[in-house]
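Student: Since chain A is already given, all that's left is putting chain B on it; use the hints.
Protein chains in written order, with this note's numbering: chain A, 1 to 351; chain B, 352 to 697.
These are computed hints drawn from the structure, not numbers from a lab.
Please read these numbers as outputs of a predicted model, since none were measured by experiment.
Do not take every clue at face value.
The calculated DMTMM-like cross-link candidates involving lysine to aspartate or glutamate, where the alpha carbons are at most 20 Å apart (straight line), are [said to hold, decoys possible]:
hint : chain 1 : residue 1 : chain 2 : residue 2
1    : B       : Lys-393   : B       : Glu-407
2    : A       : Lys-175   : A       : Glu-255
3    : B       : Lys-515   : A       : Glu-161
4    : B       : Lys-450   : B       : Glu-651
5    : B       : Lys-505   : A       : Glu-255
6    : B       : Lys-363   : B       : Asp-435
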Amino acid sequence: MAPVLPLVLPLQPRIRLAQGLWLLSWLLALAGGLILLCSGHLLVQLRHLGTFLAPSCQFPALPQAALAAGAVALGTGLVGAGASRASLNAALYLPWRGVLGPLLVAGTAGGGGLLVLALGLALSLPGSLDEALEEGLGTALAHYRDTEVPGHCQDKRLVDELQLRYHCCGRHGYKDWFGVQWVSSRYLDPSDQDVVDRIQSNVEGLYLTDGVPFSCCNPHSPRPCLQNRLSDSYAHPLFDPRQPNQNLWAQGCHEVLLEHLQDLAGTLGSMLAVTFLLQALVLLGLRYLQTALEGLGGVIDGEGETQGYLFPSGLKEMLKTAWLQGWIAHRPAPEEAPPGEAPLKEDLSEA
Amino acid sequence: MALLKVKFDQKKRVKLAQGLWLMNWFSVLAGIIIFSLGLFLKIELRKRSDVMNNSESHFVPNSLIGMGVLSCVFNSLAGKICYDALDPAKYARWKPWLKPYLAICVLFNIVLFLVALCCFLLRGSLENTLSQGLKNGMKYYRDTDTPGRCFMKKTIDMLQIEFKCCGNNGFRDWFEIQWISNRYLDFSSKEVKDRIKSNVDGRYLVDGVPFSCCNPSSPRPCIQYQITNNSAHYSYDHQTEELNLWVRGCRAALLTYYSSLMNSMGIVTLLIWLFEVTITIGLRYLQTSLNGVSNPEEPESESEGWLLEKSVPETWKAFLESVKKLGKGNQVEAEGTDAGQAPEAS
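So that you can see chain B by itself, here it is in the shape it has in the complex:
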């Protein structure tokens, strides 16, 4: 009992081959799209690797790039096969290769599906790297004269301006680190000395934030220093003031950005996966219907196409049998060689 049998006459076979040829070329385009999506994601991750501790996982963009290239290769090959399928002479060349090729296609589809799933599932690791990286980035904010870290201030400032965020979880993260370098502190001032003495580690901590946290939509000029001191500014209450600084933390902002990017890439990859599955099924029908043409001298005859020759459990049993036979075949061979070697030794 074949699975999903469909009768094909000559015209239907030709239509199937032509349709598959067109779909394969669209699929090559889709492969290029997946490749460029992976490249784009890789570039975006690279751009901000400074705030991700340089330890972010590039698994998703690398796999998208690989899948894109493989898809282009397989689908252009399939297009060539479909084009040749209309000519019995050329098709005879491809006939022995089709079964392993279809097996590879099925494997490719499974891997494509897994990659699409990964796009949705791997944001957890990104969250951890971002949290670590941002913490370190803020710690090195003041080290503008230390080689290897002198760019961190510029990176964090531009990040906060571009993503409209402040600090790791919020602007209060800046209160806990010394972001003003000692070079620019006036050590003769009493206020500076007091602050440094009042701190166990001897750090100069302020309730202030860098300028890049300022929100341009605020109606008043930005209040960056003495944020929690209501009496330091006229007509100011820090508990009710919402628009002065960006409220969102940069970790949440970056995570949202990358999540939406990866989600949309996952959706596009899933759609392309569905397209590829359709193409594989069509190719299987083409192969079985062309093989079913009983008399090669009569290309006009009708034939049947199917997905599997026998029903699913029977096919699975036959597959297991062939695997066992392969194993047994090796065993017999090994025994034969052992027996052959033993008499030689003795």
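In isolation and in its complexed conformation, chain A is listed as follows:
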């Protein structure tokens, strides 16, 4: 019954391990706290930008999973700091002895699982943002005029505030507004010949103009904002529609929002990766410390050498023991296999 990955730990290396573990645990707690802040920030952003993402988009699942993973990482860090501090003192370590085993299992299974899930989401979800934004922005622009339709009455204000804050216009450029009726029919004069002509010249009966809303205007432009008749070169003095338009924001909101959200998701993903590494190190260190101190019994400050290990026996023996125990327990009365064995098997398959 050879222990898996044994490590001889006399007193001095044990103390060093405990001290290093204490430092790593505080770093892990810090990383967990930072993840909590970052995912909170992303959640708040998504609340404002939620109208511009299609309802079927799964992106909000990422900050939620990261929030849970960050909380568990913070907890693991605090537990690790407490346990490593206590391991240097026999009186303090006594209450930890019984609790440390199940805590390690919970930390590996729960924390590790959540972190892996969050990392996976951080890698896969930003790809789906493109279509979600395309659909969401398209709907928002189409409903810009529906300020009296329940469910869409806020769209105008939200699109205007989006364009003002993020310095963008339309989906991919200001010309998107030429293909959408953004002036509500309530404010169109039916007796005006120009209005009638425009509506009739269009297959769907939409009132389309070569104008944009005021929120597309760029304050850096030297001239007062030109919003109407943008394709007519004779409508305004010194204005050539073929030149790049300095008057309006050049970027489309799709690109701006995509970059913004992908940046946030990327930052969150890299923080999750660092936390995963730190958590793995802390859990490994705690396991070695726990098994080494178990070998000593109650005498923590003793000069004796002990062995720390990951698992008391190899995979085959563990499975055999678990099976036998389960079989023996099953014979006299139905009982579950000890819960400690099953998660350890999970660890083995993970490692």
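Tutor: Using the frame of chain A, we list chain B on its own:
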């Protein structure tokens, strides 16, 4: 008759010193807070100095910054003194310096209180500078090709968007100035020629506003031009229309912003002032109780601490006497030197 006498035994003295040491370090933190508040206000004023004619008074943020630094210095010194007060040998070093130090602390507290009051009282001057600055800013709105003023359009536009305001007192201020530069006017158009001729100064005035006055919450696309002409737009009545443009003037908006900022800073400074007064009183008690230990070989003995040795009118009389003596002392000296010089001359 001493003022507010309190008996101190050894334990109480030690507790007082330790408590004061902790409070002094919290007070250093408070000093850092005052410093950063002053810095924040200075940066906010600098950010918008364009619309304040560059003549706004920086008295409040400068004094907050100065008070913050002084508070850090004095309180860390006081913390060191309180720490040493528990050791008679080290305390003997500080003993002669404590009285002038406490006098300086009292002065510092008075100045801190005055600075806190200033935070509440100085918004009047801000109102004047804002009014002047905004008027000029709007005047130079169209001068985007004049060096030194080319940024004014961008500044005013971003100000109106950020603070949700329009014009100086309201959107009608834009009707009285020419905010469209002559470069972008079509002088062959009859309408333009009419407008310029109808005006004494030859300015092109319109009943229109820049786009930054538009309110995104309006249900209809923004009406910027021909605002007072109901027939120019379908289903429009400018008398009842409320949501189209921002109604507030930028002077009122900026004033509210800076007033609330300075008021909250004033409240924080007042709270910190109360804390500092408590620390000064505690330090005075510590000083008098340690001085009252009659026998330095017996640090366990009881002593009395007080605020003033005699009652207030007696202390004031004694203070005046000492000032007079100082004056008389100078006079006697001066007479002595004169008499000494006179025989020499003659």
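Student: So, for every hint listed, does it hold in this structure?
Tutor: To see whether the hints hold, each was checked on the structure:
1. B:Lys-393 with B:Glu-407: holds (11 Å)
2. A:Lys-175 with A:Glu-255: Holds - the C-alpha atoms of Glu-255 (chain A) and Lys-175 (chain A) are around 15 Å apart, at most 20 Å.
3. B:Lys-515 with A:Glu-161: Since the Cα atoms of Lys-515 (chain B) and Glu-161 (chain A) sit roughly 12 Å apart, the hinted pair holds (cutoff 20 Å).
4. B:Lys-450 with B:Glu-651: Given that 20 Å is the threshold and the Cα spacing comes to 24 Å, the pair is violated.
5. B:Lys-505 with A:Glu-255: With a Cα-Cα distance of about 24 Å, the restraint between Lys-505 (chain B) and Glu-255 (chain A) is violated, given a limit of 20 Å.
6. B:Lys-363 with B:Asp-435: holds (16 Å)
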